[in-house]
Amino acid sequence: MSADIKVDSTLDAKGLSCPLPILKTKKAVEALGKDQVLKVVTTDPGSKNDMASWAKRTGNEILKVEEGGGTFTFFIKKTA
Amino acid sequence: MANKKMTIIASKGSLDMAYPPLILATTAAAMDVDVTIFFTFYGLEIVKKNNADSLKVTPLGNPAMPMPMPIPTLVSSLPGMESMATAMMKSMFKKHGVATIQQLLDLAKESGIKLIACQMTMDVMGYKQSDMIEGVEFGGAASWLDIAADADINLFI
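Protein sequence lines, in the order shown, are assigned to chains A and B. Under the working numbering, the first residue of the first sequence is numbered 1, with each subsequent residue one higher. Under the working numbering, the first residue of the second sequence is numbered 1001, with each subsequent residue one higher.
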């Protein structure tokens, strides 16, 4: 569970394929203030690795990834 | 830290081959990479006004293209096959939540990707600068080389 993570904004990227989950995540994170948290839900299996690469490259932090029921849920803290 | 830089030469204008440059460019921009795309030869079709959603794909000469049933090469050359293959690919993309070429192009412009159309191939094909979408710059090999010489990633597609 992720009751310990305070989510400031949520992005539903279910049903979208590469590169849209990443492009939409970038936009959503940009709209946040520093240290705020975005929750992103995807169904693209490629997004698991893609999101990690994106976060590493942009200097944002993935606090947690939840997987199950065909979805991936990312909690991303805007640290950049 | 200075941003990484990438350039892509987009030289193909079929529906399938318009995707890789735009997918890589928009993703790179989302990863804080400064991107330039140089459109040359058939790649110009991507940045022609009102053309991004009119690009087509053909199974002709591409035995790897998945079709609902095996189609002999000669049949692939019949009228209507190109439209059928194009409609099929578009519907596959849509079903899988893939952006359209126009959407990716809009996202590319929105994220500040530099778009350069090759003036020489435009002249050869009889395209005017006014035939191209807003925001496109015009230049030749030297324009690309000047940017590519300082870039971390350079791709020819």
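Among the hints, a few may not be true.
What the hints assert, rightly or not - Mimicking DSS-like on lysine-lysine, the simulated pairs with C-alpha atoms at most 30 Å apart in a straight line are:
#1 K1090(B) x K48(A)
#2 K1005(B) x K1048(B)
#3 K77(A) x K1090(B)
#4 K24(A) x K1056(B)
#5 K27(A) x K1128(B)
#6 K1004(B) x K27(A)
#7 K1004(B) x K1095(B)
#8 K1128(B) x K56(A)
#9 K24(A) x K1128(B)
#10 K27(A) x K1109(B)
#11 K1048(B) x K56(A)
#12 K39(A) x K1128(B)
#13 K1109(B) x K77(A)
#14 K39(A) x K1095(B)
#15 K24(A) x K1005(B)
#16 K1109(B) x K14(A)
#17 K27(A) x K1049(B)
#18 K77(A) x K1005(B)
#19 K1049(B) x K1012(B)
#20 K27(A) x K1012(B)
#21 K56(A) x K14(A)
#22 K39(A) x K1012(B)
#23 K1095(B) x K27(A)
#24 K34(A) x K1128(B)
#25 K14(A) x K1094(B)
#26 K1128(B) x K14(A)
#27 K48(A) x K1094(B)
#28 K64(A) x K1012(B)
#29 K1109(B) x K48(A)
#30 K27(A) x K1094(B)
#31 K14(A) x K1095(B)
#32 K1048(B) x K27(A)
#33 K39(A) x K1004(B)
#34 K1004(B) x K48(A)
#35 K24(A) x K1049(B)
#36 K1004(B) x K56(A)
#37 K27(A) x K1090(B)
#38 K1005(B) x K27(A)
In case anyone wonders, no lab produced these hints; they're calculated from the structure.
How the hints compare with the structure:
Pair hint K1090(B) plus K48(A) holds up; C-alpha atoms about 25 Å apart against a cutoff of 30 Å. Proposed proximity of K1005(B) and K1048(B) is supported: the alpha carbons are some 25 Å apart, at most 30 Å. The suggested pairing of K77(A) with K1090(B) is violated, with an alpha-carbon distance near 36 Å, which exceeds 30 Å. Between K24(A) and K1056(B) the alpha-carbon distance is near 27 Å, which keeps this suggested pair within the 30 Å criterion.
Straight-line distance between C-alpha atoms of K27(A) and K1128(B) comes to about 34 Å, which puts the hinted pair past the 30 Å bound. With a CA separation close to 19 Å, the supplied pair K1004(B) and K27(A) stays within the 30 Å bound. Among the hinted pairs, K1004(B) with K1095(B) is inconsistent with the structure: their alpha-carbon atoms are about 34 Å apart, more than 30 Å. A threshold of 30 Å between alpha carbons decides the hint, and for K1128(B) with K56(A) the separation of about 42 Å lies outside it, so the pair is violated.
Under the criterion of a C-alpha separation no larger than 30 Å, the hint pairing K24(A) with K1128(B) is inconsistent with the structure, at around 34 Å. Proximity of K27(A) to K1109(B) is assessed by CA-CA distance (about 14 Å); at most 30 Å being required, the pair is judged to hold. For the suggested pair K1048(B) and K56(A), the alpha carbons sit about 36 Å apart, so the restraint of at most 30 Å is broken. Simply put, K39(A) and K1128(B) have alpha-carbon atoms about 46 Å apart, too far for the 30 Å limit, and the pair is violated.
Taking the CA atoms of K1109(B) and K77(A), the gap is about 27 Å. The hint holds against a cut of 30 Å. The suggested pairing of K39(A) with K1095(B) holds, with an alpha-carbon distance near 24 Å, which does not exceed 30 Å. A hinted pair counts as satisfied when its Cα atoms are at most 30 Å apart, and K24(A) with K1005(B) qualifies at roughly 21 Å. For the proposed pair K1109(B) and K14(A), the alpha carbon gap of about 24 Å is at most 30 Å, so the pair holds.
With a C-alpha separation of about 26 Å, the suggested pairing of K27(A) with K1049(B) holds against the 30 Å cut-off. With a C-alpha separation of about 25 Å, the suggested pair K77(A) and K1005(B) falls inside the 30 Å cut-off, and the hint holds. At most 30 Å may separate the alpha-carbon atoms for a hinted pair to count; K1049(B) and K1012(B) meet this at roughly 16 Å. Only pairs whose Cα atoms come within 30 Å are accepted, and K27(A) paired with K1012(B) is accepted, the gap being roughly 29 Å.
Pair hint K56(A) plus K14(A) holds up; C-alpha atoms about 22 Å apart against a cutoff of 30 Å. Simply put, K39(A) and K1012(B) have alpha-carbon atoms about 37 Å apart, too far for the 30 Å limit, and the pair is violated. Restraint check: the Cα-Cα separation between K1095(B) and K27(A) comes to about 24 Å, which is no more than 30 Å; the hinted pair holds. Using a Cα cut-off of 30 Å, the hinted pair K34(A) and K1128(B) is violated, with the two alpha carbons roughly 46 Å apart.
As the CA atoms of K14(A) and K1094(B) are separated by approximately 14 Å, the hinted pair is consistent with the 30 Å bound. With a C-alpha separation of about 41 Å, the suggested pair K1128(B) and K14(A) falls outside the 30 Å cut-off, and the hint is violated. Using a Cα cut-off of 30 Å, the hinted pair K48(A) and K1094(B) holds, with the two alpha carbons roughly 21 Å apart. Taking the CA atoms of K64(A) and K1012(B), the gap is near 40 Å; set against the 30 Å cutoff, the hint is violated.
Proximity of K1109(B) to K48(A) is assessed by CA-CA distance (about 27 Å); at most 30 Å being required, the pair is judged to hold. The hinted pair formed by K27(A) and K1094(B) meets the criterion: a straight-line CA distance of about 22 Å does not exceed 30 Å. For the proposed pair K14(A) and K1095(B), the alpha carbon gap of about 12 Å is at most 30 Å, so the pair holds. At most 30 Å may separate the alpha-carbon atoms for a hinted pair to count; K1048(B) and K27(A) meet this at roughly 27 Å.
Proposed proximity of K39(A) and K1004(B) is supported: the alpha carbons are some 27 Å apart, at most 30 Å. The suggested pairing of K1004(B) with K48(A) holds, with an alpha-carbon distance near 23 Å, which does not exceed 30 Å. For the proposed pair K24(A) and K1049(B), the alpha carbon gap of about 25 Å is at most 30 Å, so the pair holds. Restraint check for K1004(B) and K56(A): satisfied, since their Cα atoms lie roughly 14 Å apart, inside the 30 Å limit.
Taking the CA atoms of K27(A) and K1090(B), the gap is near 26 Å; set against the 30 Å cutoff, the hint holds. A C-alpha spacing of about 20 Å is found between K1005(B) and K27(A), which places the hinted pair at or below 30 Å, so the restraint holds.
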